Amino acid sequence: MLLLDVATTSRDVGGTSSRLGKVDHIAGLLRRAAADPDGVAIVVSWLSGELPQRQIGVGWASLRSRPPPASHPTLTVAGVDARFSEIGAVSGKGSQSRRAVLVAGLFAAATDAEQTFLLRLLGGELRQGALAGIMADAVARAADLPVAAVQRAAMLGGDLPAVAAAALGGGVRALDAFALRVGRPVGPMLAQTATGVADALERHGGATIFEAKLDGARVQIHRAGDEVTV
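Residue numbers for the sequence shown, in numbering that gives the first Met the number 0: 0 to 229.
Honestly, the hints are just simulated from the structure, not real lab data.
Since this is a predicted model, take the numbers as computed values, not measurements.
Hints should not be assumed to be uniformly reliable.
[As the list claims (entries may be wrong)] Just the calculated beta-carbon pair ranges, DEER-fashion:
no. : residue 1 : residue 2 : range
1   : GLY91     : ALA216    : 31 to 37 angstroms
2   : ALA69     : GLY186    : 19 to 25 angstroms
3   : ALA107    : GLY204    : 32 to 38 angstroms
4   : GLY91     : GLY27     : 20 to 26 angstroms
5   : VAL196    : ALA216    : 37 to 43 angstroms
6   : ARG97     : ALA193    : 31 to 37 angstroms
7   : ARG183    : ASP111    : 55 to 61 angstroms
8   : ALA69     : ILE208    : 54 to 60 angstroms
9   : ALA216    : SER64     : 16 to 22 angstroms
10  : ARG217    : GLY14     : 45 to 51 angstroms
11  : ILE208    : LYS92     : 56 to 62 angstroms
12  : ARG63     : ALA206    : 52 to 58 angstroms
13  : ASP111    : THR15     : 19 to 25 angstroms
14  : SER17     : ARG222    : 43 to 49 angstroms
Glycine residues also receive a C-beta, built at the ideal position from the N, C-alpha and C atoms.
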């Protein structure tokens, strides 16, 4: 899959305020990427505004100057991901200069639309409204699976890109592999929204427990024998 496909979808997702529209755009892209599970995981990471590599040592300061864009798209998702890994692996004396050369080479091979996407992705400014809930809906639609199955796997696995790859590659049976594991954070700790108290009561079947909400950090403590991780 070309990087241009992802950049175009990102633009389209950011250009619509409709939740269903965002889901449709992302699901369409994921269907086209379904033949490559690794590619699916990368695409989901990018459209969520993250890199699989997390940090690669590139910030706004190194993105201020860009070469002229390429006239034709040649960059692939796999190739760009490999370049990100290469950039992140640079270390030692002169690493800043070597990293700058690699970044410049990547941008020189990118079209204008691809440069815009890369700039926002690497700069942490990919504001397109593709939140986790929308992404989970898109994965479910692309894989023709119940949304609840995708949400459960993402909650237990803590890794939506991996869940997306499994869903499109192996269906609901592949999602069964995502289970509780000590040391891996579980994701049920964020609140769900409701339109009001009556709506919340109805969703819970009329039986609900209320408690005071205190500000603070959400922490999970996992214990395996004598080993405790936070």
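The hints, checked one at a time:
{"no.": "1", "hint": "GLY91 / ALA216: 31 to 37 angstroms", "in the structure": "36 angstroms, holds"}
{"no.": "2", "hint": "ALA69 / GLY186: 19 to 25 angstroms", "in the structure": "39 angstroms, violated"}
{"no.": "3", "hint": "ALA107 / GLY204: 32 to 38 angstroms", "in the structure": "59 angstroms, violated"}
{"no.": "4", "hint": "GLY91 / GLY27: 20 to 26 angstroms", "in the structure": "43 angstroms, violated"}
{"no.": "5", "hint": "VAL196 / ALA216: 37 to 43 angstroms", "in the structure": "27 angstroms, violated"}
{"no.": "6", "hint": "ARG97 / ALA193: 31 to 37 angstroms", "in the structure": "52 angstroms, violated"}
{"no.": "7", "hint": "ARG183 / ASP111: 55 to 61 angstroms", "in the structure": "40 angstroms, violated"}
{"no.": "8", "hint": "ALA69 / ILE208: 54 to 60 angstroms", "in the structure": "58 angstroms, holds"}
{"no.": "9", "hint": "ALA216 / SER64: 16 to 22 angstroms", "in the structure": "39 angstroms, violated"}
{"no.": "10", "hint": "ARG217 / GLY14: 45 to 51 angstroms", "in the structure": "33 angstroms, violated"}
{"no.": "11", "hint": "ILE208 / LYS92: 56 to 62 angstroms", "in the structure": "59 angstroms, holds"}
{"no.": "12", "hint": "ARG63 / ALA206: 52 to 58 angstroms", "in the structure": "57 angstroms, holds"}
{"no.": "13", "hint": "ASP111 / THR15: 19 to 25 angstroms", "in the structure": "21 angstroms, holds"}
{"no.": "14", "hint": "SER17 / ARG222: 43 to 49 angstroms", "in the structure": "44 angstroms, holds"}
This entry does not satisfy hints 2, 3, 4, 5, 6, 7, 9, 10, going by the numbered hints stated previously.
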